[in-house]
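Turn these sequences into a full structure, and let the hints guide you.
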Amino acid sequence: MTRLSKGSIAALIALAVGALCLALEGVAPWLIAFPKGWVLPATEWVGSAMEAVLALIKPSARLFSSLMAYPMEAANWILGATPWPLLIAATVALAWRLGGLTMALMAAVGLGAVLASGYWPQSMNTLALVSVSVPLALLIGGAIGVLANEYPRVRAPVQALLDVMQTVPTFAYLTPLLVLFGFGPVVGLIASAIYAAPPMARNVLLGLQRIEPEIKEAAIMAGGTRTQQLFQVEIPAAATQIMVGVNQCLMAALSMVIIAAVIGGFDDIGWEVLLTMRKAQFGASLLAGMVIVIFAILIDRMSGTLADEKRRSYDGRVSLAILGIGVIASLVFYGQVQDPGAYGLFHSTADRVDAGLSAFTSANAEALTAIKNGVMFYVLLPLRIGFDQAVLPFTWGFVWTSGMSLALFGVAALVGLYCAYRGRLTFGVVILIAAGMLETGISQLPWPFVLVGVGALSYVAGGLRLAALSVVLLATILLSGLWERALLSLYLSGASVFACAVLGGAIGLASAVSPMVWRVVRPICDMLQTIPLFVFLIPVLMVFQIGEFSAFLAIMAYAIVPMIRYTRHGLTETPEEMIEAATASGATGWQMMRDVRAPYAAPTILLGLNQTILYAFAMLVIAALIGTTGLGQSIYLALGQADVGLGISAGAAMAILALIADRIVQGFAEERRKALGL
Amino acid sequence: MSGQATPAITCQNVWQVFGANADSALKRALSSTGSADEAAALLRAEGLTPAVQDATFEVQEGELFVIMGLSGSGKSTLIRCISQLLPGTGGEILIEGEDIRAASPKRLIEMRRKTLGMVFQHFGLFPHMSVAENVAYPLRVQGMGKKQRLAKAQQVIDLVGLGGREKNFPRELSGGQRQRVGIARSLVADCSVWFLDEPFSALDPLIRRQLQDEFLDIQAKLKTTIVFITHDINEALKLADRIAIMRDGKIVQIGTPSDIVLNPVDDYVREFSKDVAKGQHARVASVMQAGSDLPHGPDDPGLRRDMTLDAALARCMELYEPVPVRDKDGALLGVVNPADLAAALQVDPAA
Ligand SMILES: Nc1ncnc2c1ncn2[C@@H]1O[C@H](COP(=O)(O)OP(=O)(O)O)[C@@H](O)[C@H]1O
Ligand SMILES: [Mg+2]
Chain P
1 MTRLSKGSIA ALIALAVGAL CLALEGVAPW LIAFPKGWVL PATEWVGSAM
51 EAVLALIKPS ARLFSSLMAY PMEAANWILG ATPWPLLIAA TVALAWRLGG
101 LTMALMAAVG LGAVLASGYW PQSMNTLALV SVSVPLALLI GGAIGVLANE
151 YPRVRAPVQA LLDVMQTVPT FAYLTPLLVL FGFGPVVGLI ASAIYAAPPM
201 ARNVLLGLQR IEPEIKEAAI MAGGTRTQQL FQVEIPAAAT QIMVGVNQCL
251 MAALSMVIIA AVIGGFDDIG WEVLLTMRKA QFGASLLAGM VIVIFAILID
301 RMSGTLADEK RRSYDGRVSL AILGIGVIAS LVFYGQVQDP GAYGLFHSTA
351 DRVDAGLSAF TSANAEALTA IKNGVMFYVL LPLRIGFDQA VLPFTWGFVW
401 TSGMSLALFG VAALVGLYCA YRGRLTFGVV ILIAAGMLET GISQLPWPFV
451 LVGVGALSYV AGGLRLAALS VVLLATILLS GLWERALLSL YLSGASVFAC
501 AVLGGAIGLA SAVSPMVWRV VRPICDMLQT IPLFVFLIPV LMVFQIGEFS
551 AFLAIMAYAI VPMIRYTRHG LTETPEEMIE AATASGATGW QMMRDVRAPY
601 AAPTILLGLN QTILYAFAML VIAALIGTTG LGQSIYLALG QADVGLGISA
651 GAAMAILALI ADRIVQGFAE ERRKALGL
Chain B
1 MSGQATPAIT CQNVWQVFGA NADSALKRAL SSTGSADEAA ALLRAEGLTP
51 AVQDATFEVQ EGELFVIMGL SGSGKSTLIR CISQLLPGTG GEILIEGEDI
101 RAASPKRLIE MRRKTLGMVF QHFGLFPHMS VAENVAYPLR VQGMGKKQRL
151 AKAQQVIDLV GLGGREKNFP RELSGGQRQR VGIARSLVAD CSVWFLDEPF
201 SALDPLIRRQ LQDEFLDIQA KLKTTIVFIT HDINEALKLA DRIAIMRDGK
251 IVQIGTPSDI VLNPVDDYVR EFSKDVAKGQ HARVASVMQA GSDLPHGPDD
301 PGLRRDMTLD AALARCMELY EPVPVRDKDG ALLGVVNPAD LAAALQVDPA
351 A
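These protein sequences, in sequence, are chains P and B. Note that the first sequence covers residues 1 to 678 in our numbering. Note that the second sequence covers residues 1 to 351 in our numbering.
Calculated from the structure, these hints are not laboratory results. Some clues are possibly wrong.
Straight-line C-alpha distance at most 25 Å; calculated DSS-like pairs for lysine-lysine [to be verified]: (1) B:LYS106 - P:LYS216; (2) P:LYS674 - P:LYS6; (3) B:LYS152 - B:LYS223; (4) B:LYS274 - P:LYS310; (5) B:LYS167 - B:LYS152; (6) B:LYS146 - P:LYS216; (7) B:LYS167 - B:LYS106; (8) B:LYS274 - B:LYS328; (9) B:LYS114 - B:LYS278; (10) B:LYS106 - B:LYS146; (11) B:LYS167 - B:LYS146; (12) P:LYS216 - B:LYS278; (13) B:LYS147 - B:LYS167; (14) B:LYS250 - B:LYS223; (15) B:LYS238 - P:LYS216; (16) P:LYS216 - B:LYS114; (17) P:LYS310 - P:LYS216; (18) B:LYS238 - B:LYS223.
This one's a predicted model, so the numbers in the text were calculated from it and none came from an experiment.
Written as structure tokens, this is what we have:
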């Protein structure tokens with residue numbers, strides 16, 4: 001071998017540092033666990049600094065909060081006081097106008113189910129919040145997008161800010177808001193507006209930037225002023241993309257309004273889920289979750305038609321007729337209509353689900369425990385604390401000895417050497433590193449190794465600048481004393497992402513090969529993507545109770561979708577000519593997949609992986625509600641204690657992890673794209 | 001062409017350089033080197049793109065001026081400098097005597113409303129507006145009432161032969177129809193200077209020819225000043241009063257169609273005209289020796305100044321001595337040596 005590649009050098013350095021740390025463990029224990037004495041009280045600093053800042057703007061925040069109370073109360077009153085037949089008719093009429101008969105039927109059935117569930121008043125409270133926060137988010141997001149388009153100089157900072165906002169976990173917003181605005185629904189409102197504005201801003205900017213230059217030039221040459229160009233030509237020409245933003249904004253706002261229920265007993269549907277979950281009334285909790293899902297799907301599908309380029313509008317007279325029926329029904333039966341909260345058609349079902357569930361779990365207790373323990377003992381625990389501690393008589397039936405460690409390293413070294421001999425040095429070294437990580441466990445990795453390893457990976461993916469950025473950011477976590485919790489988060493999200501990558505990749509591959517599979521998988525993916533984060537907790541909790549395994553499952557269920565979608569998309573988007581060329585060369589279907597489709601799909605699949613990572617981090621915090629350790633739990637605790645310092649620091653640490661992962665994967669994707677000349 | 005009248009467009013040493021700090025880099029390059037070529041080379045070496053270099057020319061009122069060159073030679077950039085879609089990095093651009101580079105933003109809008117019109121290669125139609133709304137848009141920005149502007153738009157829509165399509169949206173039209181919309185839109189405000197950036201290049205040959213003919217009809221009717229960009233020599237020869245040929249940002253030759261065909265200044269220009277049937281484009285005037293007292297032989301095959309070389313050669317196949325060229329009243333304008341006629345038709349004259 002003449003010269004080592006960049007990847008091999010990086011892997012060798014990481015290996016050397018790791019080996020050194022393990023070897024010196026006895027002499028210098030500070031190499032493994034970062035000494036407490038070195039930790040800076042950064043959390044307290046952040047806390048006092050933030051509190052000072054918050055105290056400064058608190059008066060204006062409180063003023064704003066009391067101002068926002070008006071539209072909120074108005075929305076609440078309107079939605080609460082309007083007779084339900086009228087509201088249903090109005091929604092169905094709108095649905096008809098947007099999507100014709102199918103959409104109208106969907107709206108009618110969906111809202112009918114909500115009414116029957118007896119959760120109508122709570123739903124209306126949630127919708128009232130959404131209906132105030134969304135216009136706010138659209139306005140803020142739209143303004144940011146337009147400004148970033150108008151002033152190229154603020155574009156880069158705005159993009160960076162939007163990136164960061166996307167990675168900061170939802171709960172982390174809540175703590176400072178809580179301190180600022182005090183308990184109450186306004187916090188949820190503002191949190192959801194803040195959370196929902198970035199997608200709008202992003203899409204507005206994207207839409208405006210994507211307009212064909214000639215269209216903009218035509219507007220200039222027609223003699224339009226800048227305002228005329230913007231409002232008469234550019235914004236309408238970008239309408240489709242902007243509508244995508246509106247759709248995402250709506251969904252984000254809904255999701256956040258529901259999550260915000262954790263801070264207070266505001267009588268909304270998210271609170272209902274939380275309450276029933278705490279009381280272990282899973283039937284009721286499932287019912288409330290179903291109501292959320294119905295709203296999510298209705299809002300998504302109805303607003304989604306706006307972003308459809310080929311949409312047609314349906315006869316408005318039908319809409320008017322439907323609305324008319326609603327008015328008449330309300331008038332005729334006014335006084336007679338039951339209080340919408342009094343319906344309880346599904347209560348018996350919910351009770352039966354509860355009973356059935358208890359019966360099911362007790363009948364299958366053994367099997368369920370076996371599944372749970374199997375995954376815990378043989379996969380999650382070794383990943384977390386390493387073979388040396390996870391392998392015990394209680395779990396594996398024997399004790400891990402140093403001889404076994406030696407054997408593990410020996411085998412890994414042999415495989416690694418073989419790979420190196422075959423010319424794949426980097427791969428061989430990575431196998432050795434993986435063996436070391438399995439032996440120690442992710443949560444107990446020596447910190448110098450993590451810094452150097454991540455730095456090396458960043459260097460390979462994105463050059464020196466990325467490496468420097470990663471190391472500096474990680475070092476801040478290290479110094480702030482959140483390191484152990486960060487590693488725990490890393491372990492759980494890493495495990496889930498890995499599982500998602502394998503399983504999602506396989507499903508994506510199957511969907512790419514067989515249209516039949518895709519026909520089944522696709523609606524499931526659509527469904528999973530529309531469901532607000534929070535709802536994922538209900539079913540796993542029902543079956544597996546509180547614990548890390550449930551969190552693992554919930555994260556997987558949420559984060560697997562992008563992996564499936566991107567894998568399939570990447571594998572099916574290969575240009576026709578390349579397929580034909582491969583066919584003409586006599587490639588079999590499998591060879592085609594391996595030699596043509598997979599390499600071509602690699603950048604797309606990497607982007608899917610990237611999304612999966614971000615999704616996993618987002619869900620990690622929510623999953624803290626059902627029992628995870630790590631940063632998610634810290635954020636949640638901080639919320640309970642209104643501890644701004646801890647909340648912000650832990651949120652920032654989480655964002656840092658997500659950001660580094662994002663940049664590394666993007667770097668690899670970019671490199672693959674370049675290699676393919678895309 | 002009268003020398004005294006103000007030209008419709010004057011370009012004086014126009015530069016457009018892309019890259020960081022282009023303005024100062026150009027100034028530095030120009031002051032530190034002797035010629036435009038050296039300055040351009042220096043800019044390139046610094047990693048900048050001199051997309052238009054030192055362009056100097058005039059376009060007279062009512063003239064149809066064609067800019068031709070390979071893709072990437074800077075044609076679009078030049079036309080965008082003149083219309084101020086790009087600011088220009090150096091030089092002076094006058095539109096009907098007015099310095100457009102010095103115009104205030106307000107004045108620029110004014111000029112675009114009243115004086116300048118533009119047609120784009122990929123049409124640049126507004127996807128959310130119907131044909132009629134697209135065409136009427138330049139009037140809308142001026143604040144003209146809806147009824148009035150739609151009535152005005154209707155006239156141009158009829159002029160370009162799109163009557164009956166007013167309510168359609170761009171996506172419902174074929175390429176040729178779309179470009180008719182683009183043309184109508186650029187005509188609706190009665191502009192006096194008309195820019196067309198490869199308006200027919202995205203169309204297939206048959207439609208292209210049809211639109212070229214219609215374009216010539218419109219031009220004959222309106223008599224506007226036109227700057228027309230193309231990379232197709234046949235299109236250039238068919239339409240142009242004069243042609244400017246660009247290469248790598250530089251204008252290498254400006255001349256009438258027959259100049260370009262018969263007297264290419266270098267191999268680049270020659271390469272363009274290689275496949276052209278020269279005899280059909282070049283005129284007798286280009287090989288004629290002018291003068292009413294020049295000696296000529298006894299035969300008079302009846303040559304005229306504006307006859308194509310093919311036609312002229314067909315009449316003097318058997319002749320060897322110079323023949324007279326007369327105007328339509330029979331007055332002697334000059335003489336042509338039949339040998340010159342034949343030599344001019346050589347596809348690749350040994351230079
Ligand atoms: N906005 C721009 N920024 C940087 N370079 C540009 C820009 N626009 C055009 N160029 C460069 O200027 C040169 C001329 O381009 P253009 O005028 O579009 O050529 P043409 O229209 O003759 O095909 C090309 O090399 C192109 O890459
Ligand atoms: Mg061009």
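**Item:** Non-conforming hints, listed in increasing numerical order
**Value:** Failing hints, ascending: 4, 7, 8, 9, 12, 14, 15.
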